[in-house]
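Model the full assembly from the supplied sequences, consistent with the hints where possible.
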Amino acid sequence: MMDKLQQLGAATLGVIERLGRGHIFIYYAIKGFPALALRPNLVLAQVFSTGVLSLIIILVSGLFVGMVLGLQGYNTLVDFGAEESLGVMVALSLVRELGPVVTALLFAGRAGSALTAEIGLMKSTEQLSGMEMMAVDPLQRVVAPRFLAGAIAMPLLAAMFSAVGVMGGYFVGVGLLGVDEGAFWSQMQASVEIDEDIINGIIKSFAFGIVVTWIAVFEGYDCVPTSEGVSRATTRTVVHSSLAVLGLDFVLTALMFGE
Amino acid sequence: MMHTRTVQVWVGLFVALGIVALFMLSMKVSNINAFRAVEGYAVTAKFENIGGLKVRSPVKMAGVVVGRVDDISFDSDTYEAVVHMKIEEQFNHMPVDTTASIFTAGLLGEQYIGLEAGGEEDYLKEGSKIRLTQSAMVLENLIGTFLFDKADKADKGAGK
Chain D
1 MMDKLQQLGA
11 ATLGVIERLG
21 RGHIFIYYAI
31 KGFPALALRP
41 NLVLAQVFST
51 GVLSLIIILV
61 SGLFVGMVLG
71 LQGYNTLVDF
81 GAEESLGVMV
91 ALSLVRELGP
101 VVTALLFAGR
111 AGSALTAEIG
121 LMKSTEQLSG
131 MEMMAVDPLQ
141 RVVAPRFLAG
151 AIAMPLLAAM
161 FSAVGVMGGY
171 FVGVGLLGVD
181 EGAFWSQMQA
191 SVEIDEDIIN
201 GIIKSFAFGI
211 VVTWIAVFEG
221 YDCVPTSEGV
231 SRATTRTVVH
241 SSLAVLGLDF
251 VLTALMFGE
Chain F
1 MMHTRTVQVW
11 VGLFVALGIV
21 ALFMLSMKVS
31 NINAFRAVEG
41 YAVTAKFENI
51 GGLKVRSPVK
61 MAGVVVGRVD
71 DISFDSDTYE
81 AVVHMKIEEQ
91 FNHMPVDTTA
101 SIFTAGLLGE
111 QYIGLEAGGE
121 EDYLKEGSKI
131 RLTQSAMVLE
141 NLIGTFLFDK
151 ADKADKGAGK
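As given, the protein sequences belong to chains D and F, one line each in that order. So in the working numbering, spot 108 of the first sequence is number 108, and the numbers just go up one at a time. So in the working numbering, spot 44 of the second sequence is number 44, and the numbers just go up one at a time.
Hints may contain errors.
Stated by the list, open to error - On the chain D side, residues computed to face chain F include the following (Cβ under 8 Å):
1) N41
2) V47
3) V52
4) A91
5) V95
6) L156
7) S162
8) V192
9) E193
10) I194
11) D197
As the list claims (entries may be wrong) - Facing chain F, a subset of chain D residues (Cβ under 8 Å, in silico):
12) A45
13) G51
14) L55
15) I56
16) A159
17) M160
18) A163
19) V166
20) I198
21) N200
These are computed hints drawn from the structure, not numbers from a lab. The structure displayed is predicted, hence computed values, not measured ones. Glycine residues also receive a C-beta, built at the ideal position from the N, C-alpha and C atoms.
So, in structure tokens, the structure goes:
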């Protein structure tokens, strides 16, 4: 009985300690941001590997998600004779929800796992300790640019996802199913508010970008420096950041739209 | 590692694409014009019931959007809703006896104010009041009246 209680206590304390370490860790990484102004190329290289290299998967998924939304939405809306509202449905669901959320999930799988594996391997091959030996702060040199790059790339990727998705919905709705083109765009423009829908979508994707990259760099930095440890950390990154994104999405949606 | 210049070009392209996407979302998908404050002259009208009319609902004449609802307030003396609307400057030939009614786009669509021109020589200007108004049709009231009417007729039929 006492042993069980002790285990529970130890596990709880472990979780709290890890959370605390995560926050201190990101605090020092953010403190390294001003120094990055002197070395913008470090950030650029990371925007390249997290953002540019994720482009293909984001654009292709966006197109297909938009096309599927167009098909499914049309099938339901046509029963009510409201197929002109297809544009509204596609645009609102993409801009408000699917754009930020699906992009964040793909981003966690594509870029987050790579970040964790990279930093974890740096740790297990003692590159991070090597930097410390040379009086280079790895938090500033390795973690800060990656964190910043993730936070920059995510909103841009989500915006591209939504834009491509709307085009996909347009191709299917107007091109394939014969929805009236003018009604498609005009109803969409009448219903999508820039301050309410688009800005909130951008805020969401920015928050997801921060959370996913944070989890990814922390898991990498905090991993057990063995090959098994790195593999576990990478798995944890994908699982935890996906769950965090979905949970945070509910909270943000409740704050933004739930009245 | 790739050449720095190549990386920079790609990142530049990436950021440009992102900005284009944001631009498209704000210009093409949402209506940025609707976001701007409406310019024009202010006109008020009192309605007994405005139904689901909202701020920024369109004001139409002959189906053309000529302005937007600017503000909605309540007159506690007459228990009526006061709708302040802005009519665009270019439509300044509205007779003072113009009628304002609240219509619904489609059966369950959004509500808008429909204006119908009268025959007076004088035109509406900044601060004018539209006196002839017709309230929104509230679906429940309509159904209520209809049912009541039916019941009334049925009663009469039974009495005879």
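| task | Return the numbers of the hints above that this structure violates; sort them in rising order. | result | 15 and 21
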